[in-house]
Amino acid sequence: GQSLEQPSEVTAVEGAIVQINCTYQTSGFYGLSWYQQHDGGAPTFLSYNGLDGLEETGRFSSFLSRSDSYGYLLLQELQMKDSASYFCAVRAPDQTGANNLFFGTGTRLTVIP
Amino acid sequence: DAGVTQSPTHLIKTRGQQVTLRCSPKSGHDTVSWYQQALGQGPQFIFQYYEEEERQRGNFPDRFSGHQFPNYSSELNVNALLLGDSALYLCASRAGLAGGYEQYFGPGTRLTVT
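First to last, the sequence lines map onto chains S and P. Going by this note's numbering, the first residue of the first sequence is number 1, and it counts up by one from there. Going by this note's numbering, the first residue of the second sequence is number 1, and it counts up by one from there.
Everything labelled a hint here was simulated from the structure, so no lab data went into it. Don't take every hint at face value.
Here chain S is said to cover these stretches of chain P; the calculated rule only asks that three of the stretch's residues, wherever they fall, bring their Cβ under 8 Å from a Cβ of chain S [said to hold, decoys possible]: (1) 34-48; (2) 103-110.
Ranges of calculated distance between the beta carbons of each label pair, as one might list FRET restraints [what the hints assert, rightly or not]: (3) GLU14/S / THR20/P: 35 to 45 Å; (4) THR14/P / ASP39/S: 23 to 33 Å; (5) THR110/S / ALA80/P: 18 to 28 Å; (6) THR14/P / GLN79/S: 22 to 32 Å; (7) GLN79/S / GLN18/P: 41 to 51 Å; (8) ARG63/P / GLN25/S: 20 to 30 Å; (9) GLN41/P / LEU74/S: 21 to 31 Å; (10) SER67/S / LEU82/P: 39 to 49 Å; (11) ALA80/P / GLY15/S: 50 to 60 Å.
Listing some non-contacts, in silico: residues in chain P with all C-beta distances to chain S over 10 Å [as the list claims (entries may be wrong)]: (12) VAL4; (13) THR14; (14) GLN18; (15) ASP62.
C-beta atoms are modelled at their ideal positions from N, C-alpha and C, and glycine is treated no differently.
Whole structure, please, built from the sequences with the hints as guidance.
Okay, here's the thing in structure tokens:
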């Protein structure tokens with residue numbers, strides 16, 4: 001089975017930097033994804049790490065350590081519009097070799113002025 | 001280029017009834033997955049369809065079934081509705097069964113069971 005843990009809530013100030021951690025336990029692992037979901041909206045893809053290290057996409061960066069079963073999402077220059085829920089999701093295979101996403105419970109980020 | 005679309009947007013049903021939700025994948029995508037998202041939780045994988053067959057299934061009872069059509073659109077059916085089935089049902093699509101790490105989600109169908 002798959003198990004992912006992330007903090008339930010984080011609050012940060014506009015313009016600051018925030019890090020959202022994710023630890024996972026999975027049977028099989030291809031990579032770790034991050035999704036953003038605003039209230040009432042659909043999850044939208046932010047980043048993916050298939051290998052160890054840091055991936056940077058604009059103000060967002062994501063890190064993965066496969067040996068530690070750990071990753072994080074780093075958001076820089078926070079804006080009010082970044083207030084949303086952030087989910088880490090493991091891309092893992094099943095017994096047939098097909099793969100799908102298994103999501104954590106999400107971290108609700110609140111950006112304050 | 002239309003993204004993933006779902007219908008209806010909202011639905012209210014009574015316990016014991018049956019419901020059908022619909023999804024059209026993003027253009028060029030042939031693999032459709034369904035997720036259930038309870039309030040305050042992450043999406044939970046229900047099943048995945050590719051080439052009109054169910055290829056993977058999460059930990060959901062047989063009351064949850066689906067179908068994929070030749071045009072890659074998909075339906076999710078839930079029989080004998082329970083109060084606990086109230087949730088946001090999300091459809092996601094991608095290109096290919098084994099490849100592609102980015103899934104595109106639709107806006108979801110909010111199902112309320114009373």
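Violated hints - listed by number, lowest first: 5, 6, 12
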